[in-house]
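First residue of the sequence shown: 0, per numbering that gives the first Met the number 0; consecutive thereafter.
Calculated directly from the structure, the hints in this document are not laboratory data. Take the hints with a grain of salt, since some may be wrong.
[Claimed, not checked] Taking CB as the label site, the calculated pair distances span:
(1) N165 <-> E50: 51 to 59 Å
(2) H135 <-> Y172: 49 to 57 Å
(3) A38 <-> E74: 24 to 32 Å
(4) H101 <-> H182: 18 to 26 Å
(5) I19 <-> A130: 30 to 38 Å
(6) D146 <-> G58: 57 to 65 Å
(7) E77 <-> Y6: 15 to 23 Å
(8) Q59 <-> L112: 53 to 61 Å
(9) K189 <-> T8: 52 to 60 Å
This structure is a prediction, so every number in the text was calculated from the model and none was measured. Glycine included, every Cβ here is placed at the ideal spot set by N, Cα and C.
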Amino acid sequence: MDFLGWYSTGEAPGPAEIDIQRQICEINESPLFLQLHPAARHTDLPVAIYESVVDLVGGQARLLFVPLTYSLQTEEAERIGLDHVARISGAVDDGHSQVDEHVMVQHSAIKMLASRVQVILRYVREVHAGALPFNHDVMREAKALADRLPVLESARFQPEFYTQCNDAALLTYLGTIMKSCNHLNQFIKKFNVLYQRQGGHGRRLRGMFF
Numbered sequence: 000m001d002f003l004g005w006y007s008t009g010e011a012p013g014p015a016e017i018d019i020q021r022q023i024c025e026i027n028e029s030p031l032f033l034q035l036h037p038a039a040r041h042t043d044l045p046v047a048i049y050e051s052v053v054d055l056v057g058g059q060a061r062l063l064f065v066p067l068t069y070s071l072q073t074e075e076a077e078r079i080g081l082d083h084v085a086r087i088s089g090a091v092d093d094g095h096s097q098v099d100e101h102v103m104v105q106h107s108a109i110k111m112l113a114s115r116v117q118v119i120l121r122y123v124r125e126v127h128a129g130a131l132p133f134n135h136d137v138m139r140e141a142k143a144l145a146d147r148l149p150v151l152e153s154a155r156f157q158p159e160f161y162t163q164c165n166d167a168a169l170l171t172y173l174g175t176i177m178k179s180c181n182h183l184n185q186f187i188k189k190f191n192v193l194y195q196r197q198g199g200h201g202r203r204l205r206g207m208f209f
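Construct all of the structure, not just a fragment, from the sequences and the given hints.
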């Protein structure tokens with residue numbers, strides 16, 4: 000098993016990180032060092048990546064860290080998920096339940112996915128009609144996206160799909176029952192209070208739920 004490097008937390012590399020890097024260099028010739036600054040308050044990512052070089056400092060060979068540039072590669076599904084998480088975290092509470100927010104997020108994600116699929120479909124149709132040039136990279140990406148959906152054609156899809164739908168419906172039904180029980184319990188409490196004020200006698204109704 001091989002490894003690319005190691006990581007630690009801190010603001011900047013120090014002598015301790017250099018000592019650890021020197022030990023790791025005995026196993027890996029060019030290990031990378033990733034440092035996370037958890038207390039950073041700027042808008043950039045609090046992550047820095049370094050590589051080690053040997054340079055002459057004061058006539059002596061010393062191990063130094065050189066910062067590297069990096070970029071993040073994300074897929075479309077990850078970008079959609081992060082976008083909706085950011086929207087939920089920055090949204091103001093307007094009285095909607097968590098179920099409403101979850102359904103709205105799912106609806107927005109599906110709507111965005113459908114719009115992107117329509118763009119790809121229009122492009123493929125234009126290429127097939129000869130209106131647009133054939134781009135091998137784009138077509139390979141479209142083919143890779145289509146290959147991610149083989150489950151729709153399998154024999155196990157329909158039973159598992161209906162099982163999942165039944166589970167979701169059962170959870171909704173249980174939530175409705177619990178809500179009805181709570182309303183009934185509140186009614187019993189109010190009825191008992193009213194019955195006592197009117198000086199009624201006999202056995203009171205008892206709250207049977209919760």
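Hints, one by one, checked against the model:
1. For the pair N165 and E50, the beta carbons lie near 55 Å from each other, so the given range of 51 to 59 Å is met.
2. Distance hint for H135 and Y172: a CB-CB separation of about 51 Å, consistent with the stated range 49 to 57 Å.
3. For A38 and E74, the Cβ-Cβ distance of about 30 Å falls inside the hinted range of 24 to 32 Å, so the restraint holds.
4. Between H101 and H182, the C-beta spacing of about 23 Å keeps the proposed range 18 to 26 Å intact.
5. Between I19 and A130, the C-beta spacing of about 59 Å breaks the proposed range 30 to 38 Å.
6. Taken as a hint, the range 57 to 65 Å holds for the pair D146 and G58, whose Cβ atoms sit roughly 60 Å apart.
7. For E77 and Y6, the hinted distance range of 15 to 23 Å is satisfied, since their beta carbons lie about 21 Å from each other.
8. The supplied range of 53 to 61 Å is met by Q59 and L112, whose beta-carbon atoms lie about 59 Å from each other.
9. For K189 paired with T8, a C-beta distance near 57 Å keeps the hint of 52 to 60 Å intact.
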